[in-house]
Amino acid sequence: MSSQLIDHFALLPLYLAAGTAVLALLTDLFVARRAAVLAVTVLGTFATAAGALSVGAETGTFCTPHNVCSWVPTWPAAVAAVLFAGLTAGVLAFSAPALRRGIAPAGEFCFLLACSMTGGVVVGYSGDLITLIVGLETLTLPLYVLVGLRRFAPGEPVRTESASAAVTFFLISVVSTAIALLGAALTYAATGAVHLDLLGAPAPAAFEPLAGVGAALLVIGLAFKVAAVPLHAWAPATYDGAPVPVAAYLSTASKLGGVLALAAVVSRLDTAAVVAVLAVLTMTVGNLVALRQSRMVRLLAWSSVAQAGYILAALALGADGVVAALAYAAFFVVLELIAFGVVVALRPTGADGGEIADYRGAGRRHPWLGAALVLALAGLAGLPPGLAGLFAKLSVVEALVRENWTWLAGVVLLNAVIALAYYVRVGAAFYVVPVPAGPAPRSVARPVALALIGAVAVAVLLGFAPQLLFSGLS
Amino acid sequence: MTVADVLLLALGAVAVGSGALVVTSTHLVRSGLYLVVSLGAIAGLYLVLGAELVAWVQVLVYVGAVVVLLLFAVMLTRAPIGPSADLDRPALPAAVIGAGVGVGLTALFVDAFRWVRYPSPEPGTAERLGEQIFGAWVLPFEVLSILLLSALVGAIVLSRPDIGARKAEGA
Amino acid sequence: MHVVIPYVVGALLFALGVYGVLRRRNAILVLMAVELMLNAVNLILVTADVSVRALLPGTGGVFTLFVIVLAAAEVGVGLAIILQYYRMRRAVVVDEVRLDVDEERVAG
Amino acid sequence: MSVDVLGPLLPLVPLLAGLLGLLLPPGDGNGARRRLAAGIGVGGAALALLFSLRLLFAGTEPFQTGVDLVTFGDLTVSFGVAIGPAVVYVALAVSVVALLVQIYSITYLHDDPRYASYAAQVSLFTGAMLLVVTANDLIVMLVGWEVMGACSYLLIGHDRRLPEAPAAAVKAFLVTRVGDVGFLLGIALLIVEAGSPSLETVLLHDYPAGTLTAALLLLLAGVAGKSAQFPLHTWLPDAMAGPTPISALIHAATMVAAGVYVVFRTYPLFEQSPVALAVLGVMAAVTILLGALSATAQDDLKRVLAWSTVSQIGYMTGALAVGSPAAALFHLLTHAAFKALLFLAAGAVIHAVGTNHLSRMGGLRVHMPVTFWSFVIGLGALAGLPPLAGFWSKETVLTAAAHATEGGEPVPVWAGWVVWLAALFAVGITAWYAMRLLLRTFFGVSRAHGPDGPDWEIGFDDARFQRPPAPHDPPAAMLVPLLVLCIPSALLGLAAYAPGFRTALELEDPHLGVAVALPMVLLVLGAGSAWWIWWAVPGIDPAMALGRARPLLAAGFRLDDVQHRLVVVPVRALARLVTAADVRVVDGAVMGAGTTTSHLGRLLAAGHRVALPVAAVAVCAGALLLGLVAWWGAAA
Amino acid sequence: MTYTYTSVDGWSLLLVALLLVPAVGAGVVALLPAGRDRAGRVVATVAAAVTFLLTLVIPFTRPTEYGWFDYGPEAPAVVPWLDLHVDWVPSLGLAFHLGVDGISYPLVVLTGLLTLLCCAYTIKKVPDGGSGRALAALLLVLEVGVLGTFLALDLILFFVFFEIVLLPMYAVIAGWGGPDRRAAARKFVLYTLAGSVLLLLGVVTVVAEAGTGDLVELTAGNLLGRTVQAIAFTLLLLAFAVKAPLWPLHTWLPDAHTEAPTVGSVILAGVLLKMGTYGLIRVGIGVAPDAAEAAGPVLGLFAVLAILFGSLICLRQVELKRLIAYSSVGHMGFVLLGIATFTEMGIQAALIGNIAHGLITGLLFFLVGTIKDRAGTGSLNQLSGLRESAPRLAGLLGFAAIASLGLPGLAGFWGEAFAVVAAVRAGGAYWLTLAAAAAVGGALTAAYFLRLLRRVTHGPATPEVRALRPGITGAEWFAWAPLVLLTLAVGVMPLLVLADTAEPITGLLVGAP
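Residue numbers (the working numbering), protein chains in the order written: chain A, 18 to 491; chain B, 15 to 185; chain C, 2 to 109; chain D, 5 to 640; chain E, 180 to 692.
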């Protein structure tokens, strides 16, 4: 096996994503114009998406003689890559006003984000644990930096939340990575397999506890990425401290990466009990705590914790729930992106998410943004007009009931009721009457508006034609 | 008990002992030095276990780079060189969970592997490992390069004086 | 050889790492404890190469190399973050990193 | 027009007239609107009368016609009429009284701004009664039955100035509605068992005895409510708060007659159930005496008449109980005539003196001769004075009851005795209070100027009344109906000798035997004693003779209070209890769930107000615990 | 996914138009600039009018070979007059399957009518809160959801439409409601969502077990085992009981009604509640007939408790809208009693009860809403003597109240009387007791409505009442007159509602052979 034929076409998404990152760096070096860097990166993300779609499903590459591969192009992976690319583009657009004001160095920002996207793409396509973990780290590591990347204009008060957020994120992340690696090590010690397709092979009887604990630890370590309870405490603090676009990326792309990794693992290993416990804890705690939040981003953070719980519920089914979980994640990230986009659009450039009270009457001042937020929140609550969210919830519940996990479906739905309580609170604040006297409506920066329009279009499209997504994932 | 076993036991004892000192020492710098010892002992264990290349990489990367980095960081944060009293938090949760993890994992391994002899492996030379890395594992290797690049850029960008600078310091 | 010895060593090192992470207040010491954990994992991986009949012999070693590099990268970025935090807050004490809304909005 | 069309039109025309009248805008509209309303009202009633007459003379062949309304499961409800001789006579009585009431009301309510809706409601009322009379379908009959209740509610509550009117209206509707619970259930039992709501089918169906008795007893509850039979009679005296013409309408031919009429229509079923008949008999006997005794002590002219109605309806139900529906119907018809006469005449009196109270009247004979003679005829008929109408019909009832005491009827003999004795005894009482009424109103000196001052304020009806300097007979528009009604009140009894009428009612030949002597003696005794008291101490109210029983009788044996205690108070208490339970327990559980969730959220949120190391502890502890779970799971 | 077919013909597009017209109308209205508020309301009214006219066209499109005569041994259990079937999300077993038959058609018309009336009413009178055009747009969105629910012949589609109404109704209450609107709206939306999630669970259980969500197939075939039927029916019953609402799951209703603006109350009582009872008939019985039959006695018990408790509570209410809201609990109790008997007669009674309640309670809410708006108070203690100062209004209120208490000859009678008759027909001491209790509840209904009338219309006029504007505007006449006339028309000709219900109900009860 000294050398092997590598199917470079199949690797196109990886090349394009990594190329985007490098190109961003180079553009920054040689052109040194923020707009150019941004444009190049956004184009790169589009190219990545296009590449993923053109590759589609293929036979894998980097294969062992036993015909298990490290790079497995499948349609779900392609969909995930497209999502990563789209989310990256969206977050870049959200960041554009801040970058224009020089709140973060544009070149590095774009490069790091593109690196993170590359990691995400790798997670989707990876066929073995090593690639998976390396991809996941590539997804996460640039984010440590991005969370803390905040430049203050002269005279502007310096806020330390972003630094705190970065420390929190980093420390919890490395501990979780260590746990995940321990899990992978135990699994390897028990079965000798690192390729995903071989993970499912039964371990020798003596090693079964080893394999079981290994699988559980692997799941727990990866669950950090989706902020599952009890590995969630970093999420609200980090989201709130990070710049809002980065928080958006954390709660969408980073979470999607975690879901992909988890899906890869749980579909091969029997971890139903652990995942189910995580799911119940995650959605319940997430929703209950979200009820009491007064800060916008923290509320979204807790809600995204809860949403992860729904995804985990589907993953508790193992391979049978993967499609539902991925579908849910896909619907979720689009809606979450819209919600964060509205926050970005309504807040002053570079400001944090603020209190919910700061948004009173915003929906009446900005009807379009209000409508977008209603769409997003309704979708997150799983109600029309957020049809995408409705189908997301439906797919999870359908999978759970189909596999006779009705009790878990019940917990999911009970939580959906709790969740609606805080979503309507936010929505009601947007439309409170009388409209409090606030600053005159600011015009929304064009990139932000474009990204929002795009995201809303995708959400509406998925709402009316969810079959597109389901076909892509199965 | 073979020679290998004895070596394993001895090196393991050193690794664990100095590891314990890493997490208990009241000297910041000494902790770093104990870490060197511990990691070195682990490199020795790799040698005994036949992973030659890993052992050398361990020595180079860890002992040579990581620990040095950590010590630099200690200096940069103007930490006291001498013993300091406020390094630790309340011990109870840490002790309980640490003990739990230790006992649990040990029990798991002992239960799984018992006192069974395994044949000593042939030494994993650099050549063999290299063949593997550049054969089956090119992909993560490539990805790792992106990771390293981003770590590099990230560390640099975070160290730029205008990131999160305090006005009072005047950069 | 009896692989159980390095395995147990790995287990104990991991436990020590956990203990350190939870016990230490100084972020750099926490990072050191994390290094212990990662090394424990590496030791287990290398030991597993001896005990397991893997499809690709020596995968544990490869994995270990990747983990070492990963750890190095993380330490690099991590220290940069900690130093940045230090520059802003003049402290590297993890107890002061709040998870709820930061009391000290503007570092004085 | 062929009778097939006339039959359905008979109830429909007044109903449509009513609906049309309701559409008129409120207010007087300078009299034009008022004339239009009056025209519609009178026209509806007149058409109904015309149709009844046409049917009467068209021939006596019974026929039925109908159109299917709707099918519920296997029950097909059809709007059908069954026209037979008896039906036509009752319809005729209804139309006559309705027409006269409409005419009378034009003047009586001459300055009421809400006259239009009043006239429309009277039309509706008439139509509803005609619907009950003609219906060939129990469900359709129920429709008329209840519409009548609603109209009575509206009309009794018509008076805006009487504070007790709304309460009386509510009471009238509610008490009858309580009875209707039974009525509906009874009908339901009957039609479900028969598989059709058609009266014809129901009457021919062979019911199991138990079901039948249950159904009939339930029906009787409704009958008691509508026909003001004990114990559901309490609404009727209060209903006097309605305008006097309404009292005439309700008491004479419509509402209270409906119950009797329904039993008459379903009599073939009652014949099969001695239990139901016995219950009916006891009810009748109690009602006869209760009504008559209560009438003796009333000071309100209309209340005397109201209680007399209760008592007289008791005669009808008594007749039904003892197996003589014909007698009941006969008495219904004569009663319709003389009670309408009495009420309209009473209206004239009230109109003239501005009060209902006997204690404020007296000496009116001189001023109101026509009214006086109308009263004489009406009261004579009520008391059963030969040869007035009431004598004949009451005599038929008594004969039937006496016959029942001999056995051979479906009703048990003891029930026959009860009815007979009660009816007999009540003859005397009736004569007593009729005489008292006559004396107190028309004889002696005027008591118009009471001790409290020269005049008194009393709201009555809707007429803005100004006391005339001297009372006088009413204007012609009110007088004519009185005169018209005097004729049947006086002569209808003789119709028993008309063969056509007799066969129509299936009445037996009237025969005046020695049995007639006993009631005559009682009648003379009753009337005589009242006269004697009045004569002995001039100006005294004969009711003084009742002594300490007087308040009890005046209050109708305080059955109102009993009803209040036994029904109203418990229902209110229950309502309070249920409401409290709904708020505290049912809604409390819901709100409690909400608050609990919110509290849990607060607790958990507080648990997250910590520093970073706690998160690390949580991560490691979680991993440890879940790892243990997984180990346990894998080992198991 | 066992069978997929696409059936779209010319007339069945009418069903799509029924949903599309209000949806597009809502979009257009929402997009109009803020200055064109009145124009927006007019556009909404036009859209609602077109929708209503479209509902009236449906009976003429009925293919001749279907309908009355086609219920035979070979015919499916549900024979829609119009049938539209397009696959939508096969992965979830969701097909866009619409159809209308005798059971749903009256409700469709009712929905079209009430929405039209409410939109027209909004032209003149916009409650305080947001803009009138937003309210009108929300009303149209509500119409889409409700019509969709009545038209859906696919379980999951049914659920989707069922959910559509939640947030718009929340917005209507929270945006245009009374002083305590936020809490009431919140309670409404959370409580009914709790119901909907049970529906979702039930629906998914059925679909997972039967392998199809097509109501025609589910009704026809015995696709579910007894246990699954029991589980599914319990879930569905609870879900629909919240919506209907059935005691003791009703407590969201009084608060929502008390705070909702007039048009919101009208729509809520007039059509939204019907989704619960319709669902119980179409889905509950259609899918799980055996379980429905078995659950009949329990449902009947609760229905009767609802009647009694609802009436008793009404006796104690001092707030106009709250009283009417609780009266809905009682009335829906009659409807549910009819369903509980699991007989053709009972379900027919339920259907006509549904329509009657929609008409009468819609009218009642219009009236008490107007009285409350004009007098500035809804407290019975402050209202008296309405017939003195506003005789027309008082007359209409009297009519509506008397209709609501089930006076024969008006629409309310048939449903209530025949629910009782159906219970009697069910036979046995248990059902007879239920029937008797329900009849007593009927008397109590009369008691509280008479109490209402006595308080509000009779007696001397209070200052509040004396001050109110007595006249009835053109818009009000337009909104109310149809309800008055239909109340009368349905009362006299119940066949209007029940013309084509016998066969569909038989189909539901027994399924196809």
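Heads up, a few of these hints could be off.
Said to hold, decoys possible - Here are a few chain D residues that face chain C, going by a calculated C-beta distance under 7 Å: (1) 613; (2) 614; (3) 621; (4) 624.
No lab work stands behind these hints, which were simulated from the structure alone. By construction, the Cβ of each residue, glycine as well, lies at the ideal position given by its N, Cα and C atoms.
Hints, one by one, checked against the model:
no.: 1; hint: 613; verdict: holds, 4 Å
no.: 2; hint: 614; verdict: holds, 6 Å
no.: 3; hint: 621; verdict: holds, 6 Å
no.: 4; hint: 624; verdict: holds, 5 Å
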